[in-house]
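Protein chains in written order, with the working numbering: chain F, 1 to 154; chain P, 1 to 709.
Just so you have them, the derived chain F footprint on chain P, three or more residues with Cβ under 8 Å:
#1 50-57
#2 68-82
#3 88-101
#4 694-700
Label pairs and their computed distance ranges (CB to CB):
#5 P:Asn248 with F:Asn51: 55 to 61 Å
#6 P:Leu116 with F:Gly81: 47 to 53 Å
#7 P:Ser183 with F:Asn79: 35 to 41 Å
#8 P:Lys235 with F:Gly98: 49 to 55 Å
#9 F:Ala105 with P:Arg336: 52 to 58 Å
#10 P:Thr176 with F:Thr53: 38 to 44 Å
#11 F:Gln48 with P:Asp656: 40 to 46 Å
#12 F:Ala105 with P:Pro302: 23 to 29 Å
#13 F:Val78 with P:Asp706: 27 to 33 Å
#14 P:Pro636 with F:Ala105: 55 to 61 Å
#15 F:Ala105 with P:Thr269: 48 to 54 Å
FYI, nobody ran anything at the bench for these hints, they're computed from the structure.
Positions of the beta carbon are idealized from the N, C-alpha and C atoms, including for glycine.
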Amino acid sequence: MLAVGLLSIVLLTLVALTISTLRSNQKATLLGPATQVAETLLSQRIYQVENDTPAGTRAAFWAASGVWLDSTTDGQIVNGGVTYDYVIYANTVLDSSGVPLGTAAGEPGNRVKKVDLILWWYDTRAQQGTRKGMGKLELQATKLVNESDPPTPP
Amino acid sequence: MISIVLSVVMAMFVGAALSLGPAHLGAGALTINQLDAQRAAESGVEYGLSQLRKNPDWRGNENRITVNSPDLFVQEDNGNVVGLVRTPSGEWSQFKIRFNYQDGSGNGDGLDDPTLLRVDNPFVSVNNLRGGVPAEVPRADGAGWSVTSTSRRPYTCPLWSACLAVEGRAGQLDATPANPLGSPGRGTVRTVETLCQVPDMGELVDDAGTMAAREMQVSLPPGKDHAVTVTSKDKGRLASVRSKASINVSGGDTVNYVSSGEVATSDRTLNARYTSGLSLRQEKPIDPFYQLAWDQVKTANPAGKTLDAGVYVWWEQDKALHYYDMNYADYVQHIRNNPTDPGVPAVLPSSIKPTSNYDLQIVESTYVKATATTDDLSIITRTGAPLDVPPPPAAGGRAATDSIAGDVMASGDLVPVLTSTNQANNGQLDVIDSATGQPVFSLAWDNLDGQLADPQARFSPVGNVSEYDATRFFLDPSLYPKWQIASTSTGYVQASSTVTMNAASTMRVKSGAAPGTINPPGISDQVDASDLKIEFKGDQSLVVLSSPGDLRLTGAVTGKGGSMTAAGDIRLVGVGSGQLASLPTGDQGDGVNLYASGNVFLNSMTAKNGTYGFRDVHFKGVIYTWGNFSAHLASPAVRDAGSLKLEGTLIAYGGDPKQAPGSNGRGAVSVQAREVDLKFDPSYLGGLSQVLPANFQLKPISWNTDLKP
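Construct the entire structure; sequences and hints are all you get.
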């Protein structure tokens, strides 16, 4: 009887561990698509800025300070059945002397913005990207953008 | 038994799951690190592009922390750049750019090695936005990740382009703003190499070895091979000379303009005896010249080594430099009145070293610091250097506009007229034949734009009167008292306008004082321009002598990597006997030999032991003047004429380069020499052949991601 009890405990423990491991696997499985979503989202939005599509995007980006785009107003992204939330910050980089980098006194044309994207999935934004048993379900991507035309591959 | 078998099977499943989970997570993290490293490298490209567009000469050499915010940090150190980019989660990623060859001080890159930020990868960035010629992109495959003369150079960076090779690194870095390099070898690395070019540059400025906003006049003494020869070092670029007015070559050989290139003048003509292969075209007023603004020129740092402005005089007596805190004209006046005044011992900065008798070596860039009385620098001999031979006693055969050089001696009734203190500097004394009332000659007082201490008398025949007759009329006592001062004379307060010569009014032209000489009374110092030398020692990086006023140097000026800039005139007297070369690098400021906001005046006359001669003059680099260019290397009265050789380009812009050529009414080129050899060498041009437009863009023409060493 004792042996059966011990065996049950061991089995239950192993089942719990297995479930935990499967969740970890699930997280790892989702990380790849999330990475692609983050990369695509950032590239797409910067492309829209550089090409000013739709019209006004470029001006709005260079006027932004802090949050530039937010999925709550910009629309969530659904990919592979997973819903992603995001926020994109855009802040003008200042030279150590205090003026916008690349300029004499902040004039437009050659400014630089630091763009930060934060991406969440499984509705974890409110929990700062954490979900019980799965850890962090959040990705960040950061890039500098020069106001000139893009140096993207032709 | 069943329980045991079941347990083993379950344990195997759990073990597999446990081993797969972290592996998947690890793979995901690696992907994230790679992407972060890629974005870090791209961020470095964006930073570099911004810096290049702000300063087309940028090479990561601001030598300071350029960005210092909580989530972005960038530092530049002698051509190397290290940046740290932080994500919102607090992770740092890093980018590194290197323009520095890390090959010691100067050398191939003209940069000192970085003191803090060594970048140990083989990918070197190259800025060729204003290089003028294609630039090779080297790989740092030498010892210590250095670029050597034998390093591989896989491709070239075309005109108007920059190659940016940026290493991005992310994941488990220990780099911080306090230690931006961090430990080597950490994190995941991605390297991006992009070649970006300024698009739509349009038509380039038409190349030319010489550009003159006004007329170009070359006078050659008669003789075989005495000619102007114009060639191009770059076979792909035309050997051309351009003038907004005319080009005239007089004297010389039967063919006195030798070139298979092109000449451009306002009326599509060349007043010379030229070779048949030469092309002629019209120079239009709107055609641009090379534009090189003052702020694009490398000048000495006023906060670096400085030399007080004033007059420095070599004395034979103690073979030392004597200093006078005054401008040149004041000095000449002063020393004639006080010929033994020793001034004060000259104090030279460590950048200027006296090496032997009358020789100075300039080893570092030096700025001429204005004093309360002057911003000019003059280095001269005690008796002054002659610009030409003295006028002969009879002044016969002199050209109509030659200066009589203050050597008119008068007595009697003429004295009050010729020496009157009421006389204006620019007055003109018209002389008529008292018998006929016809004008014969005029004496015009001219202080030569203030370049001479004393007003000079210029003797000019009037109308159809020949120089001979006018001179004879002026000097021959047998004609006295036939000449009179005409009432048309101007600039005289003196009431008498009818002074008549008589026997007591003797007048003569004395001999001996050559133009340009000072000759303090009673001083017989024998030091001549041929004894003096100024040598620039800028073998690896440019050494610049900069003046906020005029530069007036006497003696041979030689060396490599030498450059002179002046906000006023540059006057080099007794120049020659050697070559002064700037540096033919891709960095445009390095190519400048002479840059003057005023005029450039070269004179190679020497007068050692009373024997007059001219030396050859050889410059390599860019000579750029906002005013006129004049090279006096020959005189009809001197048998040994000098030749002028310019490799690079000569621009007499005639105004501020930010405006149109000739906007200040100057820009003439005048040369008297035995031979003139103009070799157009675009490697000194930098980006002079085109001016980058304001707010220019940089478009990628190639992009290589994840470059491997």
